[in-house]
Amino acid sequence: MDPKEIKERMKIPRQAMSEQDPKERVKNFYEVPQGYTPELAMQEAKRCIQCKNPLCVGGCPVNIDIPWFVRLIAEGKFVDAAKKLKETNALPAVCGRVCPQEDQCEKVCLVGKKGQPVSIGRLERFAADYEREHAEVTIPNIPKWTGKKVAVVGAGPAGLTVAGDLVKRGHKVTIFEALHVAGGVLMYGIPEFRLPKKIVESEVEYVKKMGVEIVCNAVIGKLETIDELLLNGYNAVFIGTGAGLPVFMNIPGENLIGVYSANEYLTRLNLMRAYQFPEYDTPVLRGKKVAVVGGGNTAMDAARTALRLCPEEVTIIYRRSREEMPARIEEVHHGEEEGLKFMLLTNPTRFIGDDEARLKKVECIKMELGEPDESGRRRPVPVKGSEFQIDVDVAIVAIGNGANPLIPQTSPDIKVNKWGNITVNQDTGRTSKKGVFSGGDIVRGGATVILAMGDGRKAADSIHEYLATGVW
Amino acid sequence: MFEIAEKKQLSHTVALFKIKAPMIAKKRKAGQFIIIRLNEHGERIPLTIVDSDNSEGTITIISQEVGKTTSMLGALGKGDTIMDVVGPLGKATHIENFGTAVCVGGGIGIAPVYPIAKALKAAGNKVISIIGARTKELLILEHEMRKTSDELIVTTDDGSYGHHGFVTQILQKLIDEQTKIGLVVGIGPVPMMRAVCNVTRPYKIHTVVSLNPIMVDGTGMCGSCRVTIGGKNKFVCVDGPEFDGHEVDFDELIRRNRSYLKEEKIAMEEATYHEGTRCYERR
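If you read the protein sequences in the order shown, they are chains C and V.
With this note's numbering applied, the first sequence covers 31 to 502.
With this note's numbering applied, the second sequence covers 48 to 330.
Rather than coming from a laboratory, the hints here were simulated on the basis of the structure.
Just so you know, these numbers come straight off a predicted model, no measurement behind them.
Heads up, none of these hints are tricks.
Non-contacting residues of chain V with respect to chain C, defined by C-beta distances greater than 10 angstroms in every case (computed):
1. Ser58
2. Leu63
3. Asp100
4. Gly124
5. His141
6. Thr182
7. Arg193
8. Gly206
9. Lys227
10. Gly229
11. Val237
12. Pro238
13. Asn245
14. Pro249
15. Ile252
16. Phe297
Partial pick of chain C residues on the chain V-facing surface, computed with a CB cut under 7 angstroms:
17. Asn247
18. Val249
19. Asn293
20. Glu294
21. Thr297
22. Asp311
23. Pro313
24. Ala387
Cβ-Cβ distance ranges computed for the label pairs, FRET-style:
25. C:Glu417 / V:Pro238: 35 to 43 angstroms
26. C:Lys53 / V:Arg248: 57 to 65 angstroms
27. C:Glu393 / V:Thr226: 46 to 54 angstroms
28. V:Asp223 / C:Leu261: 47 to 55 angstroms
29. C:Thr453 / V:Glu316: 46 to 54 angstroms
30. V:Lys309 / C:Trp175: 52 to 60 angstroms
31. C:Glu398 / V:Ala170: 55 to 63 angstroms
32. C:Glu417 / V:Gly124: 55 to 63 angstroms
33. V:Gly277 / C:Glu417: 26 to 34 angstroms
34. V:Glu184 / C:Asp384: 32 to 40 angstroms
For glycine and all other residues, C-beta sits at the position ideal for the given N, C-alpha and C.
Let's have the full structure, built from the sequences with the hints guiding it.
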């Protein structure tokens, strides 16, 4: 691209994406950002200067050819752009919505060095949505069966990626999913207003149409063990079982009625649609004053969900300051717009209930920041004698997950670390057991959709190699 | 979809279902449970696997109509289908030869006691079973329990059948008679399990109970089923459902099981059952 054109392109401002008004959206579960129009998308795509050595590709955990698909959008070839995306990413409509692009592709975008980076995530979302909404989704050619079969445990982001990648290389793939629907955290965890379930369903449908078989209601480790899968004709197994047991704070009163783990709260509301109770049978306690403990994306998801159930007040209680919050800035911003309150440098010390053991108050202590810890963030230290109580009738604990024990219990030869997470070779996803691979949160302990997908991509390459050579 | 291969009404509100689920039938062991979801709008509820038949590929469950989901299940019959059945979940009962094992079942709790009694018998134990119900009409699995026990004592609260009184009185009597007991299994309503544990505690008799908290996923992901056991938080779905009864905080379990009393009532009121049409309609 000649320098003059680059200059011209750099002049185009970053195109905003319209959003539902905060006052309105807090009363519904519809999606908050409404996506680009074709015109806005083309305009935004023109901001890409088509770098010869694009840094954005390296910033993407699944190495999408970003300049290529963005160029196709600039040229108005929206369906082609979607197909380009799908060469490396089976779930573009999901990633365009939930990836932390500001820490990945957009962080290293050259255009961003002098101003705002190209809105790669919004463009990804646009292309995928356009293809789906215009019924232009087509299935790539699947090569002849190699004679190899692969079992994938867990139909979340990691499992779906592995399955999609391997089926495109001619292997037969069966995914075993414990829940009654496929999608994993995309279905039970991420709320409807951030990722509509219809979109997840259609991306899962795409993976199925490529030939992947998905068996729901199948808990591996219980219904069949990993060894049985290997004995029953599967040549390799990928374990992508995701988040495990929720972590609690181990403070008094944590089992009072009204104290939820974020996993339970979100599962009731997203997977089981408790916000539509009693039309749907699963209930959830709504609460007038809701507190969410934690500062990550899951805490924001829980808090913004709670806001939509007509409470008087929803407050985030976080033990460090705003700068240390691991949640995406965009999510914190959305929460604030919707009326979310923040009680920073504060930590709960006990939950207090009434005589029916229903939650009434939370006692907290003020914190101050001390020396940096292993994570480089300053360690929060309680301020002596600063305890105080606030009225709360629903509290949601969103401080992370431990590892699920179901598979290690029945496959002791798969090595786990001291937290119970499966140990793998980072480049290949290979576990200590021959033929068994793993990735996503069961390895990482708690990360993002796209990192799980990145693990899936690497594991798929390694599985393909293992199936071809038999070398472990 | 999982087909109901057989249904037998055991009392006015309790029914036995044989469900076609060959994989689960092959794998399940005494003490394990399944989670079912009846339809697209349904909730997920746990039910103990009472029995299985490998040749027919069926599992047996017994359900009592107490809320909306169990009432809807109760309205289903042979040939109807259940949308989702997942299992076997939870840890299997630890079975060994304890010498004499006393199996105590109260009300619907006789259903989960039965497979354990059967497994204990097969492992060479002398099985003494005590089963009780409020009244004769509600007593279930008497014939099956008799077949699998060396001795069976029946109690009813109202004296309409068997011993007039509670299962715990019989258990106390066995202990008073110097019966050497290696294990007590007590399953039933939470107050009954607590009472059984209170009987055996002074004698330090190993007592196992099977807990029935509210669950959602049943695979350790949500933590809804957490109960304090020996001062520690345990997840009944993956750490249980069976625990040392002397360590269980029964009061907490009773309170937590009342979490959604109000919502359960709303759900029942919203749904009006129409005889004959086998469907619930919203008012």
